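A.B. asks: Below, each chain spelled out in residue letters.
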Amino acid sequence: ASHDREVLDVYAAASLTDAFTAFEAAFEADNPDVDVRLNLAGSTTLQRQILDGADADVFAPADVALLAAVSDTAADDGEPEVYATNSLTLILPGDGGDTDVEGLSAEEAVLDGAVVGPGALVARCAAGVPCGDATDDYLARAGLDLGAVTEEPNVRAVLRKVAGGEADAGFVYVTDAATDDRVIALDLAAAPTVDYALAVLSDEPTADAFARYVHSPEAAEALRRLGFDVP
Amino acid sequence: MVAAAGVTVLFIPLLALLLDAPWARLADLLLTPETVTAIRVSLVVSLSATVASVVIGVPTAFVLARHEFPGKSLVRTVVTVPLVLPPVVTGVALLSGFGRRGLLGSAFGVGLSNTTVGAVLAATLVAMPFLILSVEGALRSADPRLEQQAASLGAGPLARWWQISLPLARPAIVAGAVLAWARAMGEFGATITFAGNIEGVSRTLPLDVSIALLGDPDRALALSLLMLTIALGVLVALRDRWVPRR
Amino acid sequence: MVAAAGVTVLFIPLLALLLDAPWARLADLLLTPETVTAIRVSLVVSLSATVASVVIGVPTAFVLARHEFPGKSLVRTVVTVPLVLPPVVTGVALLSGFGRRGLLGSAFGVGLSNTTVGAVLAATLVAMPFLILSVEGALRSADPRLEQQAASLGAGPLARWWQISLPLARPAIVAGAVLAWARAMGEFGATITFAGNIEGVSRTLPLDVSIALLGDPDRALALSLLMLTIALGVLVALRDRWVPRR
Amino acid sequence: MTLSVTATAGKAVEGIDGRGFTLEVAFEVGADATVAVVGPNGAGKSTLINVLAGFLPIDEGSIRFDGQTLDDAPGGAFIPAEGRPVALVPQDGLLFPHLSVLANVAYGLRHRHRHLKRQERNERARAALDDVALGAFADRRPHELSGGQAQRVAVARALALDAPILLLDEPLSSIDVDNRQLIRKLLQERRPPGQIQLLVTHGPDHALEADELLVLDQGRLVARGRPADLAARPPTPWLAQLLA
Amino acid sequence: MTLSVTATAGKAVEGIDGRGFTLEVAFEVGADATVAVVGPNGAGKSTLINVLAGFLPIDEGSIRFDGQTLDDAPGGAFIPAEGRPVALVPQDGLLFPHLSVLANVAYGLRHRHRHLKRQERNERARAALDDVALGAFADRRPHELSGGQAQRVAVARALALDAPILLLDEPLSSIDVDNRQLIRKLLQERRPPGQIQLLVTHGPDHALEADELLVLDQGRLVARGRPADLAARPPTPWLAQLLA
Ligand SMILES: Nc1ncnc2c1ncn2[C@@H]1O[C@H](COP(=O)(O)OP(=O)(O)OP(=O)(O)O)[C@@H](O)[C@H]1O
Ligand SMILES: Nc1ncnc2c1ncn2[C@@H]1O[C@H](COP(=O)(O)OP(=O)(O)OP(=O)(O)O)[C@@H](O)[C@H]1O
Ligand SMILES: [Mg+2]
Ligand SMILES: [Mg+2]
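Residue numbers (our numbering), protein chains in the order written: chain A, 5 to 235; chain B, 28 to 273; chain C, 28 to 273; chain D, 1280 to 1523; chain E, 1280 to 1523.
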């Protein structure tokens, strides 16, 4: 919080907290005269603030689709460049040693009641949240209709519910599933993926530099460590 | 002067909200079975939480105001803690206590999480401190000599409490119950964390609003107007009972 | 009896929270510059909001309790609305009102969103109703004859207000301020929506907790304990001033 | 310096249609006069005091003092309590519970004698407390006084103002015999030139001391005159009993 | 049926070390006696009443009545107010503001005479109100009464209990002459067998009517005896003035 450093306001989705906190540290180490200031909230909240005219230099939502609405605000035009991807997975509570679910498809686990009995509670992201849209997308394509559902405001809330045994299954991203060994992740057939891209919203060269950093091999390495796929 | 300026400042967001509201589509947005269910759940949860707050909170406030006993500061702590804790954390605490794998849940094999009862519990925990603080303050500033008179007329502690102290504190109890109800009505974080966001079970209006805000802002605004209307209706209906007789 | 059972039920989650807390790593988790910043922002925002609530709310409560004027119900509405609105919606309303492109922002070319002032505004809006309702109740049940005496001794309306009504309502004002401060301290939804979650600007402790909950639940618990400690410290320190002299 | 009153005023009672009680009086009091107001409980004595003090606006008539209109109903001038040339000892003391005894007595001086410095004010208040033999109680809170002590503080609070009109609503009711003498002497001796004293009392000896007697019953003035005259030929049985 | 009192009790005053006021008395009262307690303001009369009613526990001594120990300090028995055979008219009325006048008077019957049905209770309360000439005011709220009317309701509330010990703290202070006669008669006539009346008063005539006089000053009993005897040779100047 030094006043003589140039402040770079980066609005990043709360679900990207780990990645962008790492980026902040690395970028500030490379550029000692820059103070990266993260605004971490839900993608839609950030989007609303930017549409309201907030002084964001960089916007990094949890879904590339959310960039469209701010694109006329964006300084650089053209297709946004994806820096990472992620895919949806179904998680169940368990300590990873559970063998009777290995090889089971998610469809079988949930639909046929092989693991999760009838009346089971499934946690998912609410529609409108990127992971919620991905879940809707998946359910529509698979023709699935879930029973009791709890709609959570963000993907980590879904993870918390399943890991804590409060929900019997949940849809989260692979990266989230990897952070908690109290859940078992089942692969989804034709799992929906989500693409991450960012928009530079100011003319400041530093903002471009930060965007370049996110696309750098060093950042890619960090992203992979967190479980993202990097194209 | 300051107050007038202040109130004006507060008036602006409300005005903006009303201007932004999707008046044309209001009926369409609100006349859905989901909304009706959410209203029902909201009323059931908030009113149950208010009743629970009054039943537990009024005696607690009385004990806190009038008696000294070991562990008093512990009780005070327990009942005021949820006032400052972010509601989500209260939800997490409830999970640790009453969740499926919580202290009690693992002991008895049942949890209250993801149930309507759980939603009531969450709302009660968050709302009751408002009632307790409001009522305790009134009891403290009540004239103890009236209770003395009642004693001298033969009324024991319980009768004095019920016939004298409580009626005299009625304005504060009503005000406290209104505060508690309002807080329960708007409760979001503890509920979604502990009771989930399940239609017909725990999806109250604020949960519906907050989630709708992510995907369907117009619906969120429409639901907000609905909440406002319900709340104002209740506040106006209660106004007379608020005014103490003297 | 009921109260004792009720308090016990409420005690369980708190106990669970304490049992779950990462005591061993507490110092490590809390002794970070980020935490210090969040504490600073939290205190600045919640105390400013409390001051604003008192300065605006006490006169408002007085006017509501004692005067009849056209538009009174409008004022009452405006000040009680945020009590029932989910905070997130209040945040959206604030954006519509005071955002850069909001009602005022577009008129004057400045916005309060994503600033510390904005966070204070959000917390004030959400916290002030608690103060107003608490103080209004006390003023209503005050003995008007004391004010009459003061008038008869030559004190004009303002002097009576300042020298008689206000001191007599002091316990309620203190209690209301405590409620408002606690509500401001725990405020999350309106703040993150309107003022963002920016370190050093608007990232208060509850916002920090919400981030910690996403990735580092232990840190979230540690931060919650910190909030509890601060809050209880304040409540204990205020306890004496709470007790009215008679 | 004449007080002239022609007033109708009323108090509502819940559940009773119309007015529960109506006061209807007309009288004049000249400078330097002491008028005793007597009458059975509920006659309207305190109501009259409230009307004169400006706590209860009148419905009809007018109240004038020294060329000034204090209340002119309906719709005319109304001078609120703080603007009236009046000091008052209410029937039930009504000390400010949050102020010390001294601050209670100094309160009126602060507003009615603004030119006084804080120290002068406190000196005068202390002198007024000494006058009612309570100098030693200056630092106490009202709830730490006995009933009669509190009433004497209320007397001191009003006397300290040296107001043109002094309204006393049963000022001696809880005061012991010794202090009654003290305060009756005080009321006569510590009297600024021209002061009108309106004294409500249930004590015959105190009433007989007055220059004039107003006898109220059920809100009406049923008799008035010099005490000696009324004692000689009491116009009502109640008065006969009082002055017996 | 004797009341015997040996008591030391005190009240704290803020800012004063130790006790602000100490009451130290010893006396006995036999069945059917009326005892008048007199003394200057602040002598401790109301404090004594509070001690007997059980509002203020004693520090030393004991209070016994009819073989029962009401208070035995230090550390001994203490019967709280609701268990004492006492009815009380407090110095400042203290009616319950949220109850009607009738309900105020019926309140004690509800607790001290539990066998009574609601209707009987209300009849008795109404009769007690009639006794103080306030039958017409049964449905009012206390704040709709005049000062003297409220005091009469407080008297009715205590009298209705027919308690073995009746404590009266200046019960006539705001009551008019006519009603004073009424209530003095009532106190003598409506008296259950054996009732002890302890009457605090500043009125000499009422004090002279008592069987015995207790003279308090600064918390001590400075004289006691038959009123006529004390009037003939008053042991203190203050008493001389009272009985003059
Ligand atoms: N709100 C009210 N406050 C006071 N008195 C009221 C009220 N409503 C009705 N009254 C009636 O007004 C009448 C006059 O009351 P007021 O207090 O003036 O009597 P008073 O002459 O002062 O009697 P007292 O000698 O008992 O003090 C009484 O009969 C009383 O019952
Ligand atoms: N908290 C208190 N409440 C009442 N009196 C107190 C208190 N503290 C100290 N005192 C003192 O106790 C003394 C006795 O008071 P008490 O009320 O018994 O007097 P009293 O004889 O009834 O006088 P009065 O004739 O004025 O009613 C008084 O001098 C009073 O100032
Ligand atoms: Mg009167
Ligand atoms: Mg007394």
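What the hints contain is simulated information worked out from the structure, not anything from laboratory work.
Note that this is a predicted model, so its numbers are computed, not measured.
Careful, some of the hints might be misleading.
With the C-beta cut set under 10 Å, the calculated list includes, among others, these residues of chain A facing chain B [unchecked claim]: (1) 74; (2) 168; (3) 170; (4) 213; (5) 217; (6) 221; (7) 223.
No residue lacks a Cβ here, since even glycine has one placed at the ideal position from N, Cα and C.
A.B. asks: Compare the structure with each hint and give your call.
C.D. replies: Hint check:
Proximity of residue 74 of chain A to chain B is violated relative to the hint, the smallest CB-CB distance being about 15 Å (cut-off 10 Å). With a cut of 10 Å, the hint placing residue 168 of chain A at the interface with chain B holds, because the nearest CB-to-CB distance is about 6 Å. Interface hint status for residue 170 of chain A: upheld, as the beta-carbon distance to the closest one in chain B is roughly 5 Å, under 10 Å. Hint on residue 213 of chain A is violated. Least Cβ distance to chain B is approximately 32 Å, over the 10 Å limit.
The closest approach between the C-beta of residue 217 of chain A and any C-beta of chain B is roughly 29 Å, which is over the 10 Å cut-off, so the hint fails. Violation of the interface hint for residue 221 of chain A is found here, the shortest Cβ-Cβ separation to chain B being roughly 34 Å, above the 10 Å cut-off. Checking residue 223 of chain A against chain B: minimum C-beta separation of about 28 Å lies over 10 Å; hint violated.
In this structure, the earlier hints numbered 1, 4, 5, 6, 7 are contradicted, and the remaining ones agree with it.
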